[in-house]
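Student: Here's the letter readout for the chains.
Number of protein chains: 2
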Amino acid sequence: MEVIMTNRIVVTKTHIDGAPKETDFKVKSQVLAQSAQPAGSVIVKNLYVSVDPYQLNRMKSDSSSQSYSFLAAGIGPGEEIDCYGVGKVIDSGNPEFQEGDLVVGLLTWGEYSVLKPGSMFRKLDAMGFPLSNHIGALAFSGLTAYAGLFEVGKAKKGDRVFVSTASGSVGHLVGQFAKLHGCYVVGSAGSKAKVELLKEKLGFDDAFNYKDATDLRTTLKKYFPDGIDVYFDNVGGEMLEAAIDNMNAFGRVAVCGVISEYTGTGRRAAPNMVDVIYKRLTIRGFLANDFMSIFPEFISKACEHMGSGKMVSIEDISIGLDSIPSAFVDLFTGGNVGKKIVQIAQE
Amino acid sequence: MEVIMTNRIVVTKTHIDGAPKETDFKVKSQVLAQSAQPAGSVIVKNLYVSVDPYQLNRMKSDSSSQSYSFLAAGIGPGEEIDCYGVGKVIDSGNPEFQEGDLVVGLLTWGEYSVLKPGSMFRKLDAMGFPLSNHIGALAFSGLTAYAGLFEVGKAKKGDRVFVSTASGSVGHLVGQFAKLHGCYVVGSAGSKAKVELLKEKLGFDDAFNYKDATDLRTTLKKYFPDGIDVYFDNVGGEMLEAAIDNMNAFGRVAVCGVISEYTGTGRRAAPNMVDVIYKRLTIRGFLANDFMSIFPEFISKACEHMGSGKMVSIEDISIGLDSIPSAFVDLFTGGNVGKKIVQIAQE
Numbered sequence: 001m002e003v004i005m006t007n008r009i010v011v012t013k014t015h016i017d018g019a020p021k022e023t024d025f026k027v028k029s030q031v032l033a034q035s036a037q038p039a040g041s042v043i044v045k046n047l048y049v050s051v052d053p054y055q056l057n058r059m060k061s062d063s064s065s066q067s068y069s070f071l072a073a074g075i076g077p078g079e080e081i082d083c084y085g086v087g088k089v090i091d092s093g094n095p096e097f098q099e100g101d102l103v104v105g106l107l108t109w110g111e112y113s114v115l116k117p118g119s120m121f122r123k124l125d126a127m128g129f130p131l132s133n134h135i136g137a138l139a140f141s142g143l144t145a146y147a148g149l150f151e152v153g154k155a156k157k158g159d160r161v162f163v164s165t166a167s168g169s170v171g172h173l174v175g176q177f178a179k180l181h182g183c184y185v186v187g188s189a190g191s192k193a194k195v196e197l198l199k200e201k202l203g204f205d206d207a208f209n210y211k212d213a214t215d216l217r218t219t220l221k222k223y224f225p226d227g228i229d230v231y232f233d234n235v236g237g238e239m240l241e242a243a244i245d246n247m248n249a250f251g252r253v254a255v256c257g258v259i260s261e262y263t264g265t266g267r268r269a270a271p272n273m274v275d276v277i278y279k280r281l282t283i284r285g286f287l288a289n290d291f292m293s294i295f296p297e298f299i300s301k302a303c304e305h306m307g308s309g310k311m312v313s314i315e316d317i318s319i320g321l322d323s324i325p326s327a328f329v330d331l332f333t334g335g336n337v338g339k340k341i342v343q344i345a346q347e
Numbered sequence: 001m002e003v004i005m006t007n008r009i010v011v012t013k014t015h016i017d018g019a020p021k022e023t024d025f026k027v028k029s030q031v032l033a034q035s036a037q038p039a040g041s042v043i044v045k046n047l048y049v050s051v052d053p054y055q056l057n058r059m060k061s062d063s064s065s066q067s068y069s070f071l072a073a074g075i076g077p078g079e080e081i082d083c084y085g086v087g088k089v090i091d092s093g094n095p096e097f098q099e100g101d102l103v104v105g106l107l108t109w110g111e112y113s114v115l116k117p118g119s120m121f122r123k124l125d126a127m128g129f130p131l132s133n134h135i136g137a138l139a140f141s142g143l144t145a146y147a148g149l150f151e152v153g154k155a156k157k158g159d160r161v162f163v164s165t166a167s168g169s170v171g172h173l174v175g176q177f178a179k180l181h182g183c184y185v186v187g188s189a190g191s192k193a194k195v196e197l198l199k200e201k202l203g204f205d206d207a208f209n210y211k212d213a214t215d216l217r218t219t220l221k222k223y224f225p226d227g228i229d230v231y232f233d234n235v236g237g238e239m240l241e242a243a244i245d246n247m248n249a250f251g252r253v254a255v256c257g258v259i260s261e262y263t264g265t266g267r268r269a270a271p272n273m274v275d276v277i278y279k280r281l282t283i284r285g286f287l288a289n290d291f292m293s294i295f296p297e298f299i300s301k302a303c304e305h306m307g308s309g310k311m312v313s314i315e316d317i318s319i320g321l322d323s324i325p326s327a328f329v330d331l332f333t334g335g336n337v338g339k340k341i342v343q344i345a346q347e
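From first to last, the protein sequence lines are chains E and Z. Each residue of the first sequence is one higher than the last, beginning at 1 in UniProt numbering. Each residue of the second sequence is one higher than the last, beginning at 1 in UniProt numbering.
Since the hints were made in silico from the structure, they are not lab data. Glycine included, every Cβ here is placed at the ideal spot set by N, Cα and C. Please note that a few of the clues may not be correct.
[To be verified] In silico SDA-like pairs for lysine to any residue, Cα to Cα no more than 25 Å straight-line:
1. Z:156 with E:291
2. E:88 with E:130
3. Z:154 with E:250
4. Z:88 with Z:6
5. Z:123 with Z:35
6. Z:221 with E:73
7. Z:157 with E:221
8. E:221 with Z:61
9. E:221 with Z:73
10. Z:156 with E:290
11. Z:123 with Z:156
12. E:154 with Z:151
13. E:157 with E:307
14. Z:201 with Z:131
15. Z:60 with E:250
16. E:157 with E:73
17. E:179 with E:221
18. Z:221 with E:226
19. E:157 with E:226
[What the hints assert, rightly or not] Computed footprint of chain Z on chain E, listed as stretches where at least three residues anywhere in the stretch have a Cβ under 8 Å from a Cβ of chain Z:
20. 259-270
21. 276-283
22. 286-293
Please work from the sequences and hints to get the whole structure.
Tutor: Here it is, written out as structure tokens:
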């Protein structure tokens with residue numbers, strides 16, 4: 001029996017070039033019928049969807065980096081917004097997927113998603129972990145942390161590691177991976193509560209509220225009297241400059257995000273390149289999807305650490321499709337802690 | 001018989017924090033006697049000495065990077081200024097060196113140098129090349145070009161390579177190494193004559209005068225319609241920003257020098273870090289002396305190319321100790337072409 005239903009999706013009203021506001025978004029209804037989809041499509045009911053800072057770059061009117069990755073492709077007003085998520089199959093034109101199967105992959109900000117043949121999704125084996133973990137710590141947030149720290153940052157035992165936005169979706173995992181690897185780890189965050197979380201729950205050696213710092217360079221010097229070996233950068237701007245001032249010779253900067261620059265409000269970092277030369281620093285941008293080859297290694301480590309309770313996944317879950325705009329806006333105002341997720345429906 | 005003589009050396013009068021002027025320097029006389037030197041010292045008559053932009057960083061009042069390399073150690077007013085050079089032994093307290101031996105290594109800006117035990121110098125086998133080549137193309141300028149291009153920039157056949165200060169001591173060798181490796185190479189320089197030199201004598205695919213460019217980003221787009229894979233950066237500042245705007249995915253920036261920033265007159269580069277992430281760029285500072293392990297490989301290649309006439313070393317040689325200040329000042333005003341060398345004495 002064919003499923004015909006109404007789907008509600010969240011879309012942008014216009015391109016967004018500054019900080020996002022809830023009013024930049026609206027909910028749009030569409031009719032969903034399997035017969036209208038390409039052969040082999042799978043329709044899923046969305047359970048959990050991810051909201052991530054990088055999505056803002058795709059909503060800008062001028063997305064100069066469009067061609068470099070599907071993660072950078074522009075999203076126009078009114079268009080479906082894809083996102084990582086977990087769903088349950090309700091109708092399948094693909095013999096490999098049956099009604100009731102759980103899937104994880106690129107869904108859309110909506111109540112339902114149509115997964116066309118060739119798009120990125122797979123059957124999900126939850127391995128005993130909450131479903132929401134599979135779009136965070138056990139998915140790209142975790143892989144980003146792991147690959148950025150070890151493959152890009154080349155962190156080794158005893159290294160001094162600094163993480164900015166340390167209580168964010170990726171940062172809180174970076175710090176835990178680094179501690180479990182024998183590094184000294186300090187994180188920066190934007191509130192007293194987040195700083196406490198880093199120190200007390202997540203095992204960071206130290207943490208500070210960057211909003212209390214009058215001079216980031218001096219602040220970092222205080223927390224890293226012996227210098228920084230690896231900086232996991234989530235913010236760019238002044239923090240990146242201050243970190244480079246405090247890097248040790250042959251230090252590595254893994255540039256994961258520059259959230260201070262996404263909204264066009266923060267000024268760009270102008271790092272001291274004389275330091276970059278004399279200290280032989282490496283500054284390297286990366287995207288987790290270039291590291292799929294180490295996904296098995298990552299997932300094995302993450303499951304081991306999380307299964308034994310040595311690592312925790314902090315999730316900040318909003319409820320319902322209509323909460324997506326506010327959840328997204330929160331990412332840029334420091335409102336979230338850990339991985340921001342929207343639960344669309346109960347399993 | 002002990003040698004006692006008067007040595008004339010060039011020193012700074014004060015620290016230099018902006019662009020250097022000839023009047024920042026003076027010639028100072030000192031008495032030189034073997035008996036006053038540490039046991040095992042070797043006194044050489046300087047034949048050729050090098051003048052290099054990095055030396056300015058050592059003359060600044062605030063040299064924050066002092067501890068990272070001997071190439072960054074501060075040099076105070078009135079102190080001997082060390083430099084790479086070729087000399088001839090005139091008195092030796094070291095049985096391994098005889099009067100008349102040619103040596104290459106860290107000499108000083110002077111008529112004579114005292115090479116103390118443990119300092120960096122070795123006997124020179126000129127291998128049929130002019131002595132001056134051994135402080136340029138066949139020494140650190142060459143190694144800098146080779147290591148920066150292949151080890152840091154990871155240039156491979158077919159890559160599109162951009163070199164700034166392309167007619168400089170290192171740049172003109174980078175372009176030739178890249179061409180001989182099968183790369184497409186464009187250089188920037190500061191005069192019409194230099195641009196002609198790059199295109200007509202050095203075999204660059206193309207070259208442009210950056211002073212004629214109203215918009216460096218657009219200019220680079222014109223010369224690299226298919227993007228830049230490797231940028232060998234000698235200048236920093238706006239050129240670095242424009243290059244990053246034009247880099248291809250997985251591009252590499254080898255940061256060799258940021259001459260536009262040494263004098264404090266040029267503004268620092270504020271590269272687009274969103275591009276650095278989405279294009280997964282690597283920006284890496286380096287010093288040639290970290291690549292001594294590939295010196296044999298480099299010197300073999302360089303001798304092969306230069307011996308067969310496929311590569312040429314451009315040298316800009318001033319005559320006499322008193323020409324050192326003007327030779328040095330020229331480096332920052334674009335006055336030199338190729339490797340700047342001062343011939344102190346005839347062999």
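Student: If a hint holds in the structure, say so; if it does not, say that too.
Tutor: Status of the hints after comparison with the structure:
1. The straight-line distance between the Cα atoms of residue 156 of chain Z and residue 291 of chain E is roughly 22 Å, inside the 25 Å bound, and the hint therefore holds.
2. Restraint check for residue 88 of chain E and residue 130 of chain E: the C-alpha separation of about 14 Å stays at or below 25 Å, so the hint holds.
3. A distance of roughly 18 Å separates the Cα atoms of residue 154 of chain Z and residue 250 of chain E; the hinted pair therefore holds under the 25 Å criterion.
4. Restraint check: the Cα-Cα separation between residue 88 of chain Z and residue 6 of chain Z comes to about 17 Å, which is no more than 25 Å; the hinted pair holds.
5. Taking the CA atoms of residue 123 of chain Z and residue 35 of chain Z, the gap is about 23 Å. The hint holds against a cut of 25 Å.
6. With a C-alpha separation of about 21 Å, the suggested pair residue 221 of chain Z and residue 73 of chain E falls inside the 25 Å cut-off, and the hint holds.
7. Proximity of residue 157 of chain Z to residue 221 of chain E is assessed by CA-CA distance (about 43 Å); at most 25 Å being required, the pair is judged violated.
8. Simply put, residue 221 of chain E and residue 61 of chain Z have alpha-carbon atoms about 21 Å apart, close enough for the 25 Å limit, and the pair holds.
9. Among the hinted pairs, residue 221 of chain E with residue 73 of chain Z is consistent with the structure: their alpha-carbon atoms are about 21 Å apart, no more than 25 Å.
10. For a cut-off of 25 Å, the pair hint linking residue 156 of chain Z to residue 290 of chain E stands: about 21 Å separates their Cα positions.
11. For a cut-off of 25 Å, the pair hint linking residue 123 of chain Z to residue 156 of chain Z is broken: about 34 Å separates their Cα positions.
12. Only pairs whose Cα atoms come within 25 Å are accepted, and residue 154 of chain E paired with residue 151 of chain Z is accepted, the gap being roughly 18 Å.
13. Proximity of residue 157 of chain E to residue 307 of chain E is assessed by CA-CA distance (about 22 Å); at most 25 Å being required, the pair is judged to hold.
14. Between residue 201 of chain Z and residue 131 of chain Z the CA atoms are separated by roughly 22 Å; this keeps the pair inside 25 Å, and the hint holds.
15. At most 25 Å may separate the alpha-carbon atoms for a hinted pair to count; residue 60 of chain Z and residue 250 of chain E meet this at roughly 23 Å.
16. With a C-alpha separation of about 38 Å, the suggested pairing of residue 157 of chain E with residue 73 of chain E is violated against the 25 Å cut-off.
17. This hinted pair checks out: residue 179 of chain E and residue 221 of chain E have alpha carbons roughly 20 Å apart, not beyond 25 Å.
18. Restraint check for residue 221 of chain Z and residue 226 of chain E: the C-alpha separation of about 42 Å exceeds 25 Å, so the hint is violated.
19. The straight-line distance between the Cα atoms of residue 157 of chain E and residue 226 of chain E is roughly 15 Å, inside the 25 Å bound, and the hint therefore holds.
20. Under a criterion of three residues with beta carbons nearer than 8 Å to beta carbons of chain Z, the stated coverage of the segment 259-270 of chain E is upheld, 6 such residues being counted.
21. For the segment 276-283 of chain E, the proposed coverage by chain Z is satisfied: 8 residues have a C-beta within less than 8 Å of a C-beta in that chain, meeting the threshold of three.
22. Judged by the Cβ-Cβ criterion of 8 Å, the segment 286-293 of chain E is covered by chain Z as claimed, because 3 of its residues qualify and three suffice.
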